[in-house]
Each structure stands twice: as structure tokens, then as C-alpha cells.
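For the record, the sequence lines run as chains A and B. Number 210 in our numbering belongs to position 187 of the first sequence; there are no gaps in the numbering. Number 905 in our numbering belongs to position 155 of the second sequence; there are no gaps in the numbering.
Incorrect hints may appear among the rest.
[What the hints assert, rightly or not] Beta-carbon label-pair distances, calculated as ranges:
(1) A:L348 to B:D971: 39 to 49 Å
(2) B:A973 to A:Q435: 24 to 34 Å
(3) A:Q435 to B:T882: 27 to 37 Å
It should be emphasised that the hints constitute simulated quantities derived from the structure, not laboratory data. For glycine and all other residues, C-beta sits at the position ideal for the given N, C-alpha and C.
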Amino acid sequence: MLILRLAWRNVWRNTRRLILRLAWRNVWRNTRRSLITISAIAFGLTFLIFLWGFGDGAHEQMVENFIRLRIGHFQLHAHGYLKEEDITLGIPKWQELVDKLSRHPLVEGVTPRILGQGLIIGPRQSSGVILSGILPEMEKKVTNLSTFVTRGQFAPNEKVREILIGEDLARYLKVESGDKVVILSQGFYSSLESGSYRIRGIFRSGAPDIDRGLIFMNLHTLSDLLQMPDEVHEIAVRLRSSADLQGVIADEVGGNNLEINTWQNLAPLVVQWIELDNIVLYIIMFVVTIIVTIGITNSILMTVYERFEEFGVIRAMGARRMEILQMVLLEALLLSIVGVIAGVLLGLGLDGFYGWKGIDLAKYSTAFAPFYSGTVIYNHVTWWHVVQSAAITLAAGLVSSIYPAIHAIRIQPLEALRYV
Amino acid sequence: MSEIPTIKVENVTKTFHLTGETITALKDISFAICAGEFIVAAGPSGSGKSTLLHLLGALDVPDKGKIMVNGRDIAVMSESLRANFRRYEIGFVFQTFSLIPVLTVYENVEYALLLKGVPKGQRKRMVMETLTTVGLERYATRYPRQLSGGQQQRVAVCRAIAGQCTYILADEPTANLDAKNAMGLMEIMRQLNIERKVTFIISSHDPRVISKAERVIYLEDGALRDSTI
Ligand SMILES: Nc1ncnc2c1ncn2[C@@H]1O[C@H](COP(=O)(O)OP(=O)(O)OP(=O)(O)O)[C@@H](O)[C@H]1O
Ligand SMILES: [Mg+2]
């Protein structure tokens, strides 16, 4: 038994390198066909990597823009505030908390907000709105509000009573920047409060609910209107990288008795949208893989048919079925490896180029704006998706060779020799 | 030459079944071959020469009878045992040369040694020695397509004999060669047969090939007609 095993090992060690050499040369035997096969693998993979780069880029931008729109990476509220929207549920000692968060090295910006509900009354129309009191300089570091202003100016002053309203609301109320409106609201102590305000600027965020239903003013202005004690309702935090989310939360706000919500909790639709989108991408990946598999199977089967006699000769010389199997599988593996390397390089190259230059979808359609991704998509490489695509393509190459390999090992030496 | 037969064919019958008819390719054949013999199996087309060589080559099994090689009956071996037997005991030379096109002359010969598990150190020496015997040492790095038919067939003989094998089977090895190359090949095989004491069993219906034989086995309609010594 031992002698047998030794003999087997010896044979295996000896033939392995030759089989590799044979396989490699066989790959280049019909250069044109091998190149076609390799191209099929490479382009399939390039397409997958590009597709993921585009998808991940769009999703990244979508999340980024969504976070920049209003919510930040995470928000703090007093327990129950989000559910009941009761303005008496404020965050006391907010100044301390904001200072502490601002000092965290992974935090890019912190913005406190006072929120209320009210009625805005124009010369002819009135409309129910959410009142949002902000500190303009702090808000700038968390959201893009300042860049949304299309007419007039940002930065509602705390001394004069100024507000920012959305374009849709302005159109509805038939007011312009510089006009005056009246705001009615229920204050902290349930009294009805009102005041007259000048429209400092008009903005357009692209999000209909914000452009129609939200107005901004200085935090102190709103605090005065609502007769608020020294409390805010919301603190939104923006991080340098969304990857640090849980760490920062654990570091800074674990001890406070506040409700913490990440952007995923606050915008579940965005998360679901991305997940759904990824499922579609996985389906495309599956279909592409199947097509590539069929293509390679066909090509390898042809090489097996062509070498019918050769396999017969090798078998006559005493080559084992295992060795024939290895040869065919190895050939497919080599083809696939070359194809995968080419595909990864090409795919990453495309991702790199379009990550830099961007793909302007506005040329093709205007339907993308509501998804917050913007119309120019910059490809983004997510390594996990590149690895997945490469692995599945490599597997496809190997799977493709199984059927041809079974064909090859079934070749009887006698049959092969008779037809020569 | 030793008188103890290495190969003993005993009452071998081989039939083929086609739709509606049964062809008896070999009918109750018995003969013995001693180590180091140089034998030509002759006979008209369809007489069963190839069938006989396939049986001796453990590529096929007979319906009846024994084929004893060094005391073992290859007629009853399983497919994988026969593959193993072919690997170590038999060298093949085919009518169409059948070299592996992607391997060089050297590598084609080496391949047989690799299958046999000959260690690296010995391989190079054995390959070059054999190629030198047939006068092809200068062609070691060439590919089969860069050789003439005669040269290719000499490489095939090298591949068959390079390792230690008990016997070499050559089914019509000269059929695709011109007269000059055919005779050259026969001379080389005869020379190797004498030098290395390897048994050769060659099938042919070419009288000039037959004339080179040490012994001729005549087949006619699957039966042994005559055996000359
Ligand atoms: N696989 C097979 N199926 C059916 N009949 C076969 C098969 N192989 C051989 N035969 C038949 O067996 C007989 C002997 O054939 P074989 O090939 O051995 O002849 P041969 O002497 O080698 O002829 P040739 O000189 O033409 O090569 C022939 O009648 C042939 O038709
Ligand atoms: Mg024949």
C-alpha cells in the first residue's frame, strides 16, 4: 500500500508540471479562439465591474445627497419627540452636547434645530408649514441648504425677523424675496403666537416636501416666536465618513438619555431602494454569468472534439482519466484566470475613468433627479463587489469546463484511434 | 533469446456485433511470443491484424481466451488496471504518428517517461539517448509539425521505447511513409530491438516490411494460417 501510494505521488508530482505546460500551450494552440474566449470572460467581467461601479457610485451619491439635504448621518431627539412632535419635548443643555460633538475628530459638523408647526399667510393664500429654526453657520457644515438658495440670500439673521422659503411654496403664496408674510404658531406654553417676517431668500432643494412644506429661520428667531426655554428639538450630526457612524455614536452620546437615529432609520426608503437596486444588479450578474458560461462551454467543447485522437493516444499510453480531467479543467482555469485579470483591469480602468469624469445622465433622461443621486454619476469601486464579480466569473469558467471534461474522459482510446 | 514466452495468447476469440450481423474478427487464436522477438503480423485487409494488436495492447478485451503477459491475464483486467498496464508495459506506435502537437520532440518523448514516473535526473539522459539512436538529437526542440513524416514516426518510436517497456506494438507504422522512410524506420526498429532487447509486434501488409521480420504471424479471416520462425 505504501509503495503504491509513493508511486502514485511520484507520478503525480512528475506529471503535474507537464500537465500545466500542456494545458498552457493548448490554450495558445488556437490563438484566435482562445482570445475570443478570454475576451468573452474579460468583457463579461468588465461589464459587471462597471455596472457595480456605476450602481455603487449612484447609491453613494444618493445617500450623500440625502444626508446633505437635511438629515445628516445621525440625529438626536428627546425621547418621544419624533413620534408626538410635541414642542415641549426638547433637549436641555444642548449647547454642551453640541460643543462636545463638534470636538470629536470624526465629526464634520453639528447643527441644532428648533422645530414647530405653523401657518404661513401671504397676501392671498396661506399654507401649513413646518418651521425650522437653524444656526446658519452650523447648518452649513451639515446640510447643503445654503447652496439651495436661488433668489435672495441665505443666513437668516437673528436680529431681524427673516425667513427662507422654498420655491414651490413661494409660487403658491405668490410671494418673492423681500416680501413680508405673517406666521402663526402655537407656542411652548400653548398660546397662539404670531409675527411678521421678511422673506430673505428662496431655495430649491429638489425634494418636493422640503420645497413646499418647510421654512427656515434663525434658531433664535423661532425660539422667540415659540417662547421656547433654552432647548432645541433636534441635533443633526454629519461625520467625515459614514463608516464611523457606530463608533461616534458610542463615543459621544451613549450616556445621554436621548433618542438616537441613524440615517438608515430616518430614511428607510433610501436603504430599501438601494437594496432593491442591488438585487437587480445581482440578477444581471447572474444572467451575464450564465451567458458567459454557455459561451466558454462551447469553446472548450470544440477544443475537446478537435483533440479526440490526441486524447485517445494519451489514454492508450496509459494516462489516467484523472489526468485528462485535470488537463481540461486546467485549460479552462488558465483561460479564465487570464480573462479575469484582463476583466478586472479593464473594469477598474473604466470605473477609474468614469469615477473621475462622471456619466451625465441628463443627456439621456431627466427622470433621475428625484432619486437624489444627481444627474452626473461618478463610478465608485466597492471592493467586495469587484471580488464577487471576479469570483463568480472565475467559477463560471471552471463550471464551463465540466461538461467538456466529462466528454474528454469518456473518450475510449480504441474509438479515437479507429477514426484516424 | 530466452525460450520462456513472455506473451501467451490462448484460444482468443473476438467478435464484433453490428446491427443484424456478428463479425468474428479473431477465431480461436493461440500463439506465444518470447522476449526480444521481432514479429510482423501480416495478412490481407480485414484479416484481424489491428484487432489482435488492440488485444495485445490491452486496449480491448477478447470474448474468449487468455492473454498472458508475464504471468498476468490482461484479458480479465479492469479498465483502470489495463490503463496502468499500458502505462508501464507497452509502447505504442500508431499509423498516423500521433505526436502531441503542442509539445516539442523532446517533450513528446519525455511525456511517456513522466507517465511512468521516471525521476527528473534520468529523464533527460534517457530522452537524449533514445533520440540519438534514431538520429534526431538535433531536432529535440522542434515541434512535430516542423518534421517530416518519417522523422515524426521515428520520434513516435522513441516515445514508445524511451521508458522500460515489455513490448512495442506498431499498427501499420509505415502505411503513411514512402518506401525509403518505411525501410529506414524498419531498420531503426530492428536496431532498437537488438540493442535494447525489446519485443516488437508490428502489423503490416507491405511485403518489404514483412521481409524484415524475424518471425511472421499470418492472419487470414481472423485465423492463424502459418507461423514462420
Ligand atoms: N469496432 C468494430 N466493429 C465492427 N467490426 C469491426 C470492428 N473492428 C474491426 N472490425 C472488423 O473486424 C475485422 C478485422 O478488422 P481489423 O481492423 O482487425 O483488420 P486489419 O487486418 O487490421 O485490416 P487492415 O489491414 O485493413 O487494417 C474486419 O472485418 C473489421 O470490419
Ligand atoms: Mg488494421
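Quick rundown of the hints versus the structure:
1. Between L348 of chain A and D971 of chain B the beta carbons are some 41 Å apart, a value that agrees with the proposed interval 39 to 49 Å.
2. Taken as a hint, the range 24 to 34 Å holds for the pair A973 of chain B and Q435 of chain A, whose Cβ atoms sit roughly 27 Å apart.
3. Range check, Q435 of chain A to T882 of chain B: about 35 Å between beta-carbon atoms, so the 27 to 37 Å window is met.
Consistency with the previously given hints is maintained throughout, with no hint failing.
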